[in-house]
Amino acid sequence: GQSLEQPSEVTAVEGAIVQINCTYQTSGFYGLSWYQQHDGGAPTFLSYNALDGLEETGRFSSFLSRSDSYGYLLLQELQMKDSASYFCAVRDRAAGNKLTFGGGTRVLVKP
Amino acid sequence: DVKVTQSSRYLVKRTGEKVFLECVQDMDHENMFWYRQDPGLGLRLIYFSYDVKMKEKGDIPEGYSVSREKKERFSLILESASTNQTSMYLCASSFFPPGTRTYEQYFGPGTRLTVT
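In order, the protein sequences belong to chains A and B. The numbers in the first sequence follow our numbering, run straight up by one, and end at 331. The numbers in the second sequence follow our numbering, run straight up by one, and end at 153.
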């Protein structure tokens, strides 16, 4: 089976940088995804890493190291609207199109 | 824009009732999924479907069944609702954009089901 570990909660101030780590165990790895979910809202896609390295999309970046079974989501120049839960999810070969999600990291941004 | 809609935002049912949750997507996606979300547990996959009339069990299929008679519609059925099925239910769809290395699931707004 698959399992993912990520911190349950992170608090930071506006303008700061937050890194959310995700470690995973899976039998055959395809890629690592990140989703954002505001309270009461649906999860929305942020990024997908299939290859090692850093991918940047505006203020958010996602990193993957397949050899370490590890990835992170980097949130820069934090804004109040970034207060949300962030989920990492693994897509693996044995599971085809399925994603297995971590428990989520709640990010609280303070003024 | 991709749109995934779910039949109800809030639903209250009694123990033992048969419950139908409907999900419709408008982008001709092959794959559709049903998850339940509970605090601290993330999203857990109940069932998914990669084609019409095809279904696969996810991680927690017990107590649920699904139906996919048309490509755009994926229904989740609780045969006999129980209180431990009180949860947020999320539907999603996905496809593989040709020539890309990305993979994205598109989620509906969710149905908060309470079983009393």
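The hints are simulated quantities; they were obtained by calculation from the structure and are not laboratory data. Just to be clear, a hint being listed does not mean it is correct.
Said to hold, decoys possible - These stretches of chain B come out as covered by chain A in the derived footprint (C-beta under 8 Å, 3 or more residues): (1) 55-64; (2) 143-150.
To be verified - Every beta carbon over 12 Å from chain A, so not counted as near; a handful from chain B, in silico: (3) S45; (4) Q74; (5) R138.
For each residue, glycine too, the CB sits at the ideal point set by N, CA and C.
Review point. Any Cβ of chain A at or closer than 12 Å to Q74/B, or is the non-interface label fine?
Key: violated, 9 Å
Check your understanding: Since R138/B was said not to touch the interface, does its Cβ keep a gap of more than 12 Å from each Cβ of chain A?
Key -> violated, 5 Å
**Study point:** Separation of S45/B from chain A, once the least beta-carbon distance is taken, above 12 Å
**Key:** About 14 Å separates S45/B from the closest Cβ of chain A, which puts it past 12 Å; holds.
Exercise for review: Quick one: see if chain A covers the stretch 143-150 of chain B, three-plus residues with Cβ-Cβ under 8 Å.
Suggested key: holds (count 5)
**Study point:** Given coverage of the stretch 55-64 of chain B by chain A, tested with a Cβ cutoff of 8 Å and a minimum of 3 residues
**Key:** Violated: only 0 residues of the stretch 55-64 of chain B have a Cβ under 8 Å from chain A.
Violated hints for the displayed structure, listed by number in ascending order: 1, 4, 5.
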